[in-house]
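K.L.:
Build the full structure now, drawing on both the sequences and the hints.
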Amino acid sequence: MKKFLLSFLCVLSGLLFGALILKLSGISPIEAYKVMWNGAFSRPSYIAYIIIRSTPLILTGLSVAFAFRTGLFNIGSEGQFIMGALSAAYFGYMFHFNPWIQIPLVLGLSVLISALYGGLAGFMKARFGVHEVISTIMLNWIALYFSNFMVNLEGFHKANTETTEFIQPASSITLLENWKSSVAGMSWFSRHEFLNEFFRPPVNAGIFLAIIAVVIVWIILTKTSFGFKLKAVGLSPEAARYAGINVKKKMTQSMMIAGGLSGLAGATHVMGVAKNIAILAAHEGYGFDGIAVSLIGSNTPFGSLIAGFFLGTLKYSGQKIQSALEAPSEVIGIMIGAIIFFIAIPVVFERFLKIWEKK
Amino acid sequence: MKLQSVIFCLAMLLSSTFAISAEKPLRIGMVTDVGGVNDQSFNQSAWEGLQKAKKELAVKASYQESKQDADYPANLETLYDAGNDLIWGIGFKMADAILKAAKQNPKQKYAIIDYSFGDKTPPNVVGVMFKAEEGAFLAGYIAAKMSKTGSVGFIGGMSVPIIHAFQYGFKAGAKFANPKINVLEQYSESFTDAAKGKAIANQMISKNADVVFHAAGAVGDGVIEAAKEKNKMAVGVDRDQNYLAPKNVITSSMKRVDSAIFEVTSQLKKGVFLGGTTQNFGLKDGAVDIAPTTSKMVPTSLLTEVTALKKKIADGKIKVPSSEAGYTAFAKTLK
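Same order as they appear, the protein sequences are chains A and B. For the first sequence, our numbering assigns the number 1 to the initial residue and increments by one for each residue that follows. For the second sequence, our numbering assigns the number 1001 to the initial residue and increments by one for each residue that follows.
Hints may be right or wrong, so weigh each one.
One side of the interface only, derived from the structure: several residues of chain B facing chain A at Cβ under 10 Å [said to hold, decoys possible]: (1) D1071; (2) D1081; (3) G1157.
Hints are computed from structural coordinates only; laboratory data are not their basis. Virtual Cβ for every residue (Gly too), placed ideally from N, Cα, C.
P.N.:
Put into structure tokens, the structure is as follows:
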């Protein structure tokens, strides 16, 4: 109850501080929050968009949270996301199988490749003592430019655009995609207004995969000896080593799983929403947002789920202030940042308390 | 008593939400591409056009910035739900999203800058294209005449037809002015990375180019910065970019996205919407031109030549190429 009250106070102070920022920028905070609220919940299609937007954030948040439990700070979520998205776009376009084979195959390969990519940072840390923060930041850029290189590849690049070819329909995980635009589907939907609106955006199976991933990670961390060992390494590598745990191996494994989770985020985003990838001028931020999600969710699986939805909602509805009240996107960014900052405070506060108590 | 006042307040709130004003002004919304509304380039120009329409045609204007390519459909829907009469997609990157939205909402009017769906244009979409090569031709002519080293540079954002128009128009203009001119060409593979633009421009300057032209959105900020630091000349794009470096930007190949947007909006105000077609704006319509500030840096004698060239292009006496094939054919006529 006390914890609940604390969280509530944090959200409230975050919203108040956000209001202050809006006010300073000459925008009415009440109007702005009203637009955000209506822009988030007043229509079924908005809720669908929030789910779509939150899916990658939940998974990248989960990825960061998982590595954090092993004492590793996975800033490389962004690069692993890109590797997952690239693999899904590539294999999703190149393979021509039945959907029942194609979807698991493309998903599996994407997760595997990004797991190896994440594992690389873990391996370098374990084998050569390269700090994972440094290596993953650099791996992010390698992934970005590798992806841009691949996008321009003959046979994959779509002529006269800066994107790749669309993935095969068999690789799509968008729900009811063909049926939606078929005659039978359209006539059915015309009789079901709510569902019609809800399914207008590219609602996809990614959210189910994300929830399954949350549950699996929770089981690994709390119910298995493997998870126990990972957490032991995170709490104290020295003690873990003394207890006979292979710390180096655990670090690599942990980063592999974290990489796989971020890769799954990228793959579901491509297979469910984007359907192709484009040349990136800069990082899109799905992985970096995952750090915020993990922090808000106090590095727990279910915390990441809720925090992912929360950040997804803020990001989706925050944008709507722009056209409604002519707010520059910088102000919206600062407002969202302020809200997250205040929400993250109890975690920081608790950390400080812990360190204090240890001394 | 307290309850009553609460209900009263709620009623006020609700009535204010649903109040319908007697006169309904036209509502126009635009979705920017990932460059954002302050890109010093076509997105900004588009917004300037809408702001002009807001002032002079009394329409309601709003914009929605996109952060990622995946935002386009959601942003188009946001503006659709806001009840806009016309929704603009700024830039060719939005083509797929516009097409999908137009099919989903057949009663909503859409327009797109820099893209033509050709014969497949849906009846509720207007495509707007520019003959950018005509402005670039003039810019290339000026650049070649102003160059002292006999070497000029072109920096493109990405190798796509829209940018080819700038590239080959510029090259044709430069060769037309001086057949011996050396034109360096490179793509930055980005429309946003200003640091990369600066690096490429510096490289070109070190290879003896003294005028650099860019058609690369925000990458150009870096190009102009490099020219400013090395005290070389630069040519701006899309908008009059002289203000970025008043002593270095000799001219700009303007693509008046603003006047095209204003034109289509004022048509709509009169009740005309040319759905299902692509409108081409060129030098003749004043939608493509060189910047008015050109006279600050360029000698009058050269300006007179440019004015004569403009007339020739507008009359169709010079056909400016917009693609590599067209350029090759054009180059043959020069010799």
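K.L.:
Which of the numbered hints are not met once you compare them with the structure shown?
P.N.:
When the structure is compared with the hints, none of them turns out to be violated.
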